[in-house]
Each structure stands twice: as C-alpha cells, then as structure tokens.
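A.B. asks: Sequence:
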Amino acid sequence: MPRYLLTKAAHRVGINAGALLSLRDDWPEPKLPEAPGWVRLRPELTGICGSDVGVAQAKSSLVLSAFYTARHQILGHEIVAVTDSGERVVVDPIVSCVHRGFPPCRSCQDGFPYVCERFDQPGVSGCHAPALGFDAALGGGWGEVLVAHESQLHPVGDLPSRRAVLAEPTSIALHAALQWKRRGDRAVVIGPGTIGLLVIAALRRLHPGLDITAVGPGTFIPPYAERAGADRTLPPGPEVVETLAGLHGGRVIRPRLTRVPLLEQGVDVVFDCVGLSSTIDLGLHLLRPSGMLVLVGGAGRQPVDWSLVWNRQLTVQGSVNFGPEPALDGRHTMAQAVEWLADPAYPVDGLVTHIHDLPEWRTALTTAAAGPRASAVKVALRPNPDLPLRT
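Following our numbering, the numbering of the sequence shown begins with 1 at its first residue and continues without gaps.
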C-alpha cells in the first residue's frame, strides 16, 4: 500500500509511471493447483488492457482492493497461449467457485460466474483475485508461463495471433452490447479505444440497421471507428448534443448555469467506454427518456449529477467481464467471440498496432497509456519469442 500511494502521487505530477512493476527473471514458475483440470500454458501474445495501465499508474479503485488481496501480481489477462500438448487457446481469465473448489455461490448458480461472490477467497486455486493476471500464484500473460483451468480455455486453431489476442476484449465488448435489449434505432459509443471499437463492431454485427455514432477525440480514431461499423465520429464535448439534433431531429434544451445542453427525443442507448465524470454526464444528456447508459469496463470514483437518471427514468447498467450469456441461450461469450474473430469479414484487422518483447515492457506500457497520442490502439507483449506468431 505505501508503494501504491507513492506511485499514485508520482503519477499525478507526471513521473515514475509503472513504478509498481518490475521485470523479474528469478520468479518461480506458477505451480499447478492440487486439483484436477489445471494445465500449464505458454503465452504467445498478451494484450495490455486499460486495467493493467490502471495498476501500473495506481489508478485502481481502493474499494475493489477488497477483492484483489494478492501481495504480488503477474499482469496480463488478454491471452492467446499454447498448452503443453501444443494446442493454441485463448483464456477466459475469470476464476470463480468451480475453479476455487467451492460449491456454487448464488451468482455462479444463477449463471453469472463473472460476478462470483467468492472472488476474495482462493480455495484450491490459490488465487487471491477475481481473475488470472492479478495474482502471481497462477501467473499472468506478462510472464513466460501461467496455469489455468481447462474450463477457461477456448481453442482457436490457426486463428491469426493479432486477431486471437482480441478474444478477451471482444468478449467484454459483446457482453456489454448484449446488456441492451434493443429499443430504438440510435446508439452512441463514447471512447472508441480498443473496447469502444469492439463495442461498435459487436453492435453492428448484432443490429445491422442500427445508427451508431462514435464520440472520440482527434483524427487518429475516426477511420478505425468507421471500419468497425460507426456511421460517424464526433469530437467530444457539448457540441455533440447539437450535432445529433441536427442529424436526427429532436429539441435542444439548455439548463441554467450548466454547460451541456439536453437532447430531447435523444438516442436510445449510450455505451460509455471511458468512465470520466464528463463522459458520464454527456451520456446522460444525450439519452431519451427511459433510455439506457451502459458503463463498460472499469472506473473509479467520479462526481456526477445523477438527476436525469430518475427525472427521465434512465437505466444505468454496469458491464465488465463475461461468461454464459442468457441472450445467446447460455452460450459462453468467448465462444461467440472466437467464432466472430474467425470470420475474416469481422472488422478487427489493424487494431493490434504495436507488439513488443517482454524486456520492452516499459515502452509497451507507455505506448498503451498514450493511446491515440502514440498512434496506438491495442498494444501487446510477446513473452515467448520462440513461439511463432500466426498470420
């Protein structure tokens, strides 16, 4: 905790990024838990997630520290790997009751293992975290070896490495898209980074006729958003309200003494993939009465005026992780994601913009944190250069 708080303070003044992390070549290889079904994996390629950047920059919510109690972590949970038998797989990182050796908790029993009620209890797994990549006991994708349960593995055959490594974020995005039971024809996705772009792609695959607006800064992202399926990309800010009113109709209403106007007869759903107070506020101002705001991924404490939620009877839905999907008749999100990624027409080529070997982890982390400023979408690490990347 002292190192965490020191890193947090240092990051605020722009120094010491990644001080919580170090590259170790003397760390013991993770041991297989003494329970059936566990296998050894060698990562072929591992993505750097926003939550990894959050750990490195000490931006993780202290509230969630109740579930992340491991003293040491080996990061990396967006993993394509090879088993000891030579099978290529992608990994669902969630470690739930079945992996910990417990009878199913209520969430697991109801088919929601991604919100298991025993994330803080290691059981036979030895994992003091909700997922692989957050406890050194099982390892993570930023290491040469990790262990996982066979039920977490999804075969990918000869799927190109740059597509396969997107299986976990594609699953996150699909799970988020499925939270909205379509009511209407207009959607907005705020924050077209990796997750936002994949949310756009999932929405376009699920709802071909949907009108999708991406909201994101600069000139780097719009071509990616349009390839993913967005009809247009708008720069962030209050002007989005007036632009959408001009495109779709609807009245612009201006509250007193606040910057962001309201879009009456607004959009049906907003997917916020950023989670800042400004983006949440914008999303609330764009929604029509009874619309839905889906908060995708992870964010910490944000000061937000929630008045519109009850005044316009909005639904705010959190979404992270994935698993068996009721909307897919119980099919696992990652199984569907792998099927989509195996389709060459699924628009994700080019999203992996940077690949670095493990010793270059600082450069990779800095690039991932910079995002569009470094012309980066998805940055990945290659822990085992002897494993060939599939093309």
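Be aware that a few hints might be false.
[Said to hold, decoys possible] Label-pair ranges, simulated between beta-carbon atoms:
#1 Gly123 to Asp343: 31 to 39 Å
#2 Trp27 to Thr69: 16 to 24 Å
#3 Arg183 to Gly123: 52 to 60 Å
#4 Pro2 to Ala374: 29 to 37 Å
#5 Arg362 to Ala327: 36 to 44 Å
#6 Phe67 to Glu87: 28 to 36 Å
#7 Gly101 to Pro385: 32 to 40 Å
I should point out that these hints are in silico values taken from the structure, not numbers from a laboratory.
All C-beta atoms in this analysis are idealised placements derived from N, C-alpha and C, irrespective of residue type, glycine included.
A.B. asks: Given the range 36 to 44 Å, decide if the beta-carbon distance of arginine 362 to alanine 327 lies inside it.
C.D. replies: Given a distance of about 41 Å, which is inside 36 to 44 Å, the answer is holds.
A.B. asks: Kindly confirm whether 29 to 37 Å is satisfied by the beta carbon distance between proline 2 and alanine 374.
C.D. replies: holds (31 Å)
A.B. asks: Does the Cβ pair arginine 183, glycine 123 satisfy 52 to 60 Å?
C.D. replies: violated (41 Å)
A.B. asks: Look at the Cβ atoms of glycine 123 and aspartate 343 and judge whether their distance stays inside 31 to 39 Å.
C.D. replies: holds (38 Å)
A.B. asks: Okay, tryptophan 27 versus threonine 69 on CB: inside 16 to 24 Å?
C.D. replies: At roughly 19 Å between Cβ atoms, threonine 69 and tryptophan 27 fall inside 16 to 24 Å, so the hint holds.
A.B. asks: Return holds or violated for the Cβ distance of phenylalanine 67 and glutamate 87 against the range 28 to 36 Å.
C.D. replies: Given range 28 to 36 Å: holds, Cβ gap about 31 Å.
A.B. asks: Honestly, do glycine 101 and proline 385 meet the 32 to 40 Å range at C-beta?
C.D. replies: holds (35 Å)
The structure does not agree with numbered hint 3 stated previously, though it agrees with all others.
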